[in-house]
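Enquirer: Below, each chain spelled out in residue letters.
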Amino acid sequence: MERIFTKPRNNWQQAVEALGFGFHTSDVAYWDESAYYTFSMEEITKLETITAELWDMCLQAVQYVIDHNLFDQFKIPKFIVPHIIDSWDNDAPAIYGRFDLCYDGHGEPKLLEFNADTPTSLFEASIVQWFWLKDFDEPKDQFNSLHEKLIAYWKYLIDYLYDDSLYFTCVKGILEDFTTTAYLQDCAMQAGITTEFIYIEDIGWDNNNHFFVDLNNKPIKNIFKLYPYEWMVNESFGQNLIIDKLKAIWIEPSWKMILSNKAILPILWQLFPYHKNLLPAYFTRSNLKNYVKKPLLSREGANITIVENEKLVASSEGEYGEEGFIFQELKKLPDFNGNFPVIGSWVIGQQPAGIGIRESNGLITDNLSRFIPHLILP
Amino acid sequence: MKKSKAISLALVTGLLGCNSHPQQTRLYLRTDTLENYTSTSPGYQGYYAFRPIGTYYSFGYVRQGYSSSEVHTSEPSITRGGFGESGGFHVSTSS
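First to last, the protein sequences are chains A and B.
Last residue of the first sequence? That's 386 in this note's numbering, and every number before it is there in order.
Last residue of the second sequence? That's 92 in this note's numbering, and every number before it is there in order.
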């Protein structure tokens, strides 16, 4: 694994905008093709194998949490627990997830966390870096079969959906979320599914019939949401999830609330102690001297504290942590000349499907991180 | 071989892509009617009832979102707005 400086394509902004990628730059560049990472096939095969193994371990962990009724440790509201269990027992459809891994090409990749409910950066990983490679060095390979696996898995899921439209929803006014949602809708359409879009604020509740409706007051039976469950369950319609007479299929399913919660990290360590791809993690500080304190529910690297030899090394502000924290042994991100990458390794359906790399200037990957493309050396 | 062999986008580039004139605002209309978002069936590249919002930068126009506030229906038994109340947050890249 190496980081290589290169010259961005001429007019790269127009090239990525033509794909529909409108959030390539905010205050700082988010899409950054002034560098790229190279991997050997051996390194990629390792990432692929580990991703499959971690996914299998996560599924075992969900079963363990349900069997032992550990929802309190996740601070999951009691009212939604039956919905979670039903979605698990009924094998409710799930489409994707992203493991964030710490890896520098040497040794074993370590799991930092699993983004199981609303993982984004999908469009960048699947589309933008694919077209970058096509322009940059088309014969080279990339760990990226996200697009074809998404279409294939939507096709597979058709039999699991109600015979009705599949709605796609996200919050208004955020181009990044809208792009990711539209991309997933695009893939579903290409899989032959009839789709509709509705902003999450526009979803209605039929108080007479007790089901969710679209803007035509038509019942919603299948819906993909790019909106976190931990927000949904605390909002006015949250309780309606459990009284919905149509039992709408929500994708991702509510059992993903278990995996998207940082509490899964101590559970995984408990179930698979000393696993080569896990870091020790606990609900208390335990005997850790070098550790990262993470809120159970947090986004964009908020409210993270890094302690090394009893000293605060880095911290981030935010509004999370009310539900509690977990403590994970510190594994510093690799330093490529002041650039600290995290590898996001995707699962589509049940399979590893590709990676996307986000870089930051420090040990915490926050909302100012940048996306760097990659390729595989022959 | 790890990468996808071919990629085509039916919806995204139609909605969000702009090939030659990024500074031009594209309106996905029907915001003046009570008809709702266009149904998108396979292969159909239709319009959404969205009005883009964005900012002009030195290199061109960057869309930052879409507004559909004009789209609404009224029905006494229907309540709306019960999801999406966690304003000020968004899912974003690192989630």
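Calculated from the structure, these hints are not laboratory results.
You may find that some hints are simply not true.
In silico EDC-like pairs for lysine to aspartate or glutamate, Cα to Cα no more than 20 Å straight-line [claimed, not checked]: (1) B:Lys2 <-> A:Glu61; (2) B:Lys(-1) <-> A:Asp149; (3) B:Lys(-1) <-> A:Asp75; (4) B:Lys(-1) <-> A:Asp99; (5) B:Lys(-1) <-> A:Asp172; (6) B:Lys2 <-> A:Glu146; (7) B:Lys(-1) <-> A:Asp143; (8) B:Lys(-1) <-> A:Glu146; (9) A:Lys226 <-> B:Glu72.
Enquirer: Looking back at the hints listed earlier, which ones does the structure fail to meet?
Expert: 1, 3, 4, 5
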